[in-house]
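Novice: Protein sequences, first through last, are from chains U and S.
Our numbering numbers the first residue of the first sequence as 1 and each following residue consecutively.
Our numbering numbers the first residue of the second sequence as 1001 and each following residue consecutively.
The set of hints was computed from the structure by calculation and includes no laboratory data.
These numbers come from a predicted model, not from an experiment.
Among the clues, some could well be false.
Derived DEER-like restraints, expressed as beta-carbon distance ranges [unchecked claim]:
{"#": "1", "chain 1": "S", "residue 1": "Ala-1100", "chain 2": "U", "residue 2": "Ala-78", "range": "29 to 35 Å"}
{"#": "2", "chain 1": "S", "residue 1": "Ala-1017", "chain 2": "U", "residue 2": "Arg-87", "range": "49 to 55 Å"}
{"#": "3", "chain 1": "S", "residue 1": "Ala-1116", "chain 2": "U", "residue 2": "Ala-31", "range": "35 to 41 Å"}
{"#": "4", "chain 1": "S", "residue 1": "Gly-1133", "chain 2": "U", "residue 2": "Leu-11", "range": "25 to 31 Å"}
{"#": "5", "chain 1": "S", "residue 1": "Leu-1023", "chain 2": "U", "residue 2": "Ser-42", "range": "31 to 37 Å"}
{"#": "6", "chain 1": "U", "residue 1": "Arg-63", "chain 2": "S", "residue 2": "Val-1103", "range": "47 to 53 Å"}
{"#": "7", "chain 1": "S", "residue 1": "His-1094", "chain 2": "U", "residue 2": "Arg-87", "range": "46 to 52 Å"}
{"#": "8", "chain 1": "U", "residue 1": "Leu-67", "chain 2": "S", "residue 2": "Ala-1190", "range": "38 to 44 Å"}
Just a sample of chain S residues kept apart from chain U, beta carbon distances all over 12 Å, derived [unchecked claim]:
{"#": "9", "residue": "Leu-1043"}
{"#": "10", "residue": "Gly-1137"}
{"#": "11", "residue": "Phe-1159"}
{"#": "12", "residue": "Leu-1163"}
{"#": "13", "residue": "Ala-1190"}
The C-beta atom is built at its ideal place from N, Cα and C for all residues, glycine as well.
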Amino acid sequence: MSYVLAWLALLVLTAASFGATHLPLGSLAPAAALAIALAIASGKAAIVLLVFMHLIEASTPVRAVILTAFVYIVLLCAGIVADVVTR
Amino acid sequence: MSASTSERTPPVARPFAEHFQDLERQQHAVRLGMWVFLSSETLLFAGLFGLLAGYRSMYTADFLAASHHNSVAIGTANTFILITSSFSVAWALHSVRHGARRVAALCLALTVALGATFLGLKLIEYADHFRHGIYPGSHYAFAEMPSHGARLFFTLYYFLTGLHALHVLGGMTFLALLIRPVVRGRYDEAHHVPLENGALYWHLVDLIWIFLWPLLYLVG
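Pulled out of the complex, with its shape left as it was, chain S reads as follows (with noise of 0.2 Å):
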């Protein structure tokens, strides 16, 4: 790496746009585009949490049995897992706002390495699925559960976390390719709108796990 790292890159200021008044009202609209874009995300899990709901209504007895062969110990390492995650990304937006960079990367990466060692457990839990036959729609064959609610649930299942897990590389990917502009500078407490905004959506997939674990893990 060049030794410029080690030098601090000034905030750029940036011109606001046009038609915005001055920068904080563009600012304070690049932020409620990102709530409208992080609420249209939440409605793409509603339709799947809608499926969950009303198919456990009809099929109550085979989703609770079925939800018993998932791993509530991998369950639960993954929610303490995010929820720690969901802390470290906080605490690197506010590193930055008060010009801690080294700590606000150093956050970040740890955010980034919780959210591999998630994907690396749901990994671990998809083998083991696939070890018993489960795979999702037509191409079930779990024989210790054939009902028609177990494959409905396991399919929900496999939509669910795959959805959410796809959701979270994107989140990792967006909060890796930022730690290069913290380190340098490039933020600040004026200008951290895109730090502010990858945070948010990693929050968003802390929180879509806040309800998943317990629907798919957690049994009465």
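Bound-form chain U, shown alone (with noise of 0.2 Å):
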């Protein structure tokens, strides 16, 4: 049942998504609109994780070797562009 309601869950803030795409938001269009997106892929992604991956009953050492490899990827990516923006 939890796997129905995730999978709803997961449409809706696909939907949401791409709803936001036509909100209006000025100035601060791209931005916003690139922290809304990743914000809500992150939501998906969580479901993904917790619900249809089982991360939620699953062992300590396995929540921390996918949450490191998260936590890369942001340094990862803020690294660079903190470089390339202030160059």
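Combine both chains into one complex, guided by the hints.
Specialist: Here you go:
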């Protein structure tokens, strides 16, 4: 049952992500749109990880491993962007 | 096929390897190993996502303009397809753990079919891009958007979606190979780790697309 709810939640978030591209955001458009898109995508990722991939009932070592990978990606992208925009 | 497909093949009682205390610890080790592998696959894409982040900062306008050319319809359809395929493979594992082998096999087949549909749509997309002269790297010849930034966007697009498509193909192959053992009753609540790992790999494919879709198709 929780699988069905997760699936429906994912569909709703997908629709929300699509709908968010049509929001009038004014001058902040690119940065705000990107932030919203990544936030919604992270929400969807959390649902897939926790429910479909059973991370919610997984052991701590397993959670630590995948968390490390995501933290690394964030650090890598943040570092690259910080480098590039300050040149 | 032989008549034995309708008989239940009992799961083999697997003796666990010597260096494990019991079967449960071995299964935990296999699970942890699978997650380490998934994390390494994530890191493989991390480099490409890093490039996307960097070049997008440098050529924001070009990137936004170029992503307008991608078909939002196909991209969104593919998102729904992969999300539903994640649901079906999760249901396949759930069914096996509750003894419903036929439902499980059907769900696996559905997952593979959805994966094939995804790839079919990607081929249609690529064909359309080629028609416009959009090729990766130095072969880029898109007259409408000749800028360096647009070329970088589409090159990254091909690398990201191409690498992802290879993962879809690999996942499909593994899941397809699991259908027959599932039908024959090789897996149950106590022994289902290969199916679980196949499902995990498929969910990763979905996860990667969840981030690719907004970054490559949806613009502000």
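Novice: Run every hint past the structure and note whether it holds.
Specialist: Evaluation of the provided hints:
A beta carbon spacing of about 45 Å between S:Ala-1100 and U:Ala-78 contradicts the range 29 to 35 Å that was offered as a hint. A beta carbon spacing of about 53 Å between S:Ala-1017 and U:Arg-87 agrees with the range 49 to 55 Å that was offered as a hint. The hint said 35 to 41 Å for the Cβ distance between S:Ala-1116 and U:Ala-31, and at roughly 38 Å that hint holds. With their beta carbons about 36 Å apart, S:Gly-1133 and U:Leu-11 fall outside the hinted range of 25 to 31 Å.
At about 36 Å, the CB distance of S:Leu-1023 to U:Ser-42 agrees with the hint of 31 to 37 Å. U:Arg-63 and S:Val-1103 have their C-beta atoms about 30 Å apart, which leaves the hinted 47 to 53 Å range violated. In this structure, S:His-1094 and U:Arg-87 meet the distance hint of 46 to 52 Å, their C-beta atoms being roughly 51 Å apart. In this structure the hint that U:Leu-67 and S:Ala-1190 lie 38 to 44 Å apart at CB is violated, the actual value being about 29 Å.
Not every CB of chain U lies more than 12 Å from the CB of S:Leu-1043, the least distance being 6 Å, so the non-interface label is violated. Against the 12 Å criterion, S:Gly-1137 stays outside the reach of chain U, whose nearest CB is about 20 Å from its own CB. With a least CB separation of 16 Å from chain U, S:Phe-1159 remains clear of the 12 Å interface cut-off, as annotated. At roughly 15 Å from the closest C-beta of chain U, the C-beta of S:Leu-1163 stays outside 12 Å, upholding its exclusion from the interface.
The non-interface label for S:Ala-1190 is consistent with chain U: the shortest C-beta to C-beta separation is roughly 16 Å, beyond 12 Å.
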